[in-house]
Amino acid sequence: SQKIEQNSEALNIQEGKTATLTCNYTNYSPAYLQWYRQDPERGPVFLLLIRENEKEKRKERLKVTFDTTLKQSLFHITASQPADSATYLCALDRAGANNLFFGTGTRLTVIP
Amino acid sequence: SQTIHQWPATLVQPVGSPLSLECTVEGTSNPNLYWYRQAAGRGLQLLFYSVGIGQISSEVPQNLSASRPQDRQFILSSKKLLLSDSGFYLCAWSPYYNQPQHFGDGTRLSIL
Numbered sequence: 066s067q068k069i070e071q072n073s074e075a076l077n078i079q080e081g082k083t084a085t086l087t088c089n090y091t092n093y094s095p096a097y098l099q100w101y102r103q104d105p106e107r108g109p110v111f112l113l114l115i116r117e118n119e120k121e122k123r124k125e126r127l128k129v130t131f132d133t134t135l136k137q138s139l140f141h142i143t144a145s146q147p148a149d150s151a152t153y154l155c156a157l158d159r160a161g162a163n164n165l166f167f168g169t170g171t172r173l174t175v176i177p
Numbered sequence: 081s082q083t084i085h086q087w088p089a090t091l092v093q094p095v096g097s098p099l100s101l102e103c104t105v106e107g108t109s110n111p112n113l114y115w116y117r118q119a120a121g122r123g124l125q126l127l128f129y130s131v132g133i134g135q136i137s138s139e140v141p142q143n144l145s146a147s148r149p150q151d152r153q154f155i156l157s158s159k160k161l162l163l164s165d166s167g168f169y170l171c172a173w174s175p176y177y178n179q180p181q182h183f184g185d186g187t188r189l190s191i192l
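These protein sequence lines are chains A and B, in that order.
Sequence positions in the first sequence follow the working numbering and run 66 to 177.
Sequence positions in the second sequence follow the working numbering and run 81 to 192.
Same shape as in the complex, but just chain A:
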């Protein structure tokens, strides 16, 4: 069955460093992959979408890579700030279905 794994449940980094979050998937070849940010007791907020034919996507301090050979996406936040502390979710399109398949998320804490 399709499976999504996000590298760790929680990640702590020092302010100003680059945070790198990992999303691995198996038994699947998605056409695109999305990243969302979720704050406690709030709905996820869309950040970036990357398609299978794109290697990299950037938006301000955010960068996403998509390696369909490794079946992996990396999500980077450069010059991290305490305000970046949140849970980050990756999501893949589901073949033949009109919806997304979400990972369990990585809780990022940026320490001042």
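Just so you know, these hints were derived from the structure itself, not from any lab.
Some hints could be false.
Claimed, not checked - Listed next, the in silico SDA-like pairs over lysine to any residue satisfying Cα-Cα at most 20 angstroms (straight line): (1) 68(A) x 178(B); (2) 124(A) x 179(B); (3) 68(A) x 132(B).
What the hints assert, rightly or not - The calculated label-pair distances, taken between Cβ atoms and stated as ranges, are: (4) 95(B) x 121(A): 47 to 55 angstroms; (5) 82(A) x 192(B): 39 to 47 angstroms; (6) 96(B) x 83(A): 46 to 54 angstroms; (7) 127(A) x 89(B): 23 to 31 angstroms.
Using N, Cα and C, we set each Cβ at its ideal position, and we do this for glycine too.
Position chain B against the provided structure of chain A, taking the given hints into account.
Okay, now just chain B, sitting in the frame of chain A:
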């Protein structure tokens, strides 16, 4: 611009009572609509999605049901709640299935 409204924000219900959660979208027409449940420490579990009025697809068997009586209204219901129905319920919309999803603020449902 488009907005999504979901209410109530919190709800405490006794076991065996009925449930009705409502979600409405403004500023767009014929959106794809979704209901998710998020248990503590778990990812988003897709419950139902709809691509049009009266069209509902169920992802998991459960004692919940969904309806879409109007183009931008999506309702999640239950006739008799179970303890296992506790969780954080999220409504979302997207213009098309492979586009980013936009979430409401969620309903925290506690069953006593």
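Against the structure, the hints come out as follows:
1. Restraint check for residue 68(A) and residue 178(B): the C-alpha separation of about 19 angstroms stays at or below 20 angstroms, so the hint holds.
2. Between residue 124(A) and residue 179(B), the direct Cα distance comes to roughly 17 angstroms. Compliance with the 20 angstroms bound is thereby established for this hinted pair.
3. For the given pair, residue 68(A) sits about 29 angstroms from residue 132(B) by alpha-carbon distance, which is inconsistent with the 20 angstroms threshold.
4. The hinted range of 47 to 55 angstroms is satisfied by residue 95(B) and residue 121(A), whose Cβ atoms lie roughly 50 angstroms apart.
5. About 44 angstroms separates the C-beta atoms of residue 82(A) and residue 192(B), a value consistent with the hinted range of 39 to 47 angstroms.
6. A beta carbon spacing of about 51 angstroms between residue 96(B) and residue 83(A) agrees with the range 46 to 54 angstroms that was offered as a hint.
7. Taking 23 to 31 angstroms as the suggested C-beta distance range, the pair residue 127(A) and residue 89(B) conforms, at roughly 29 angstroms.
Of the numbered hints listed earlier, the single one contradicted by the structure is hint 3.
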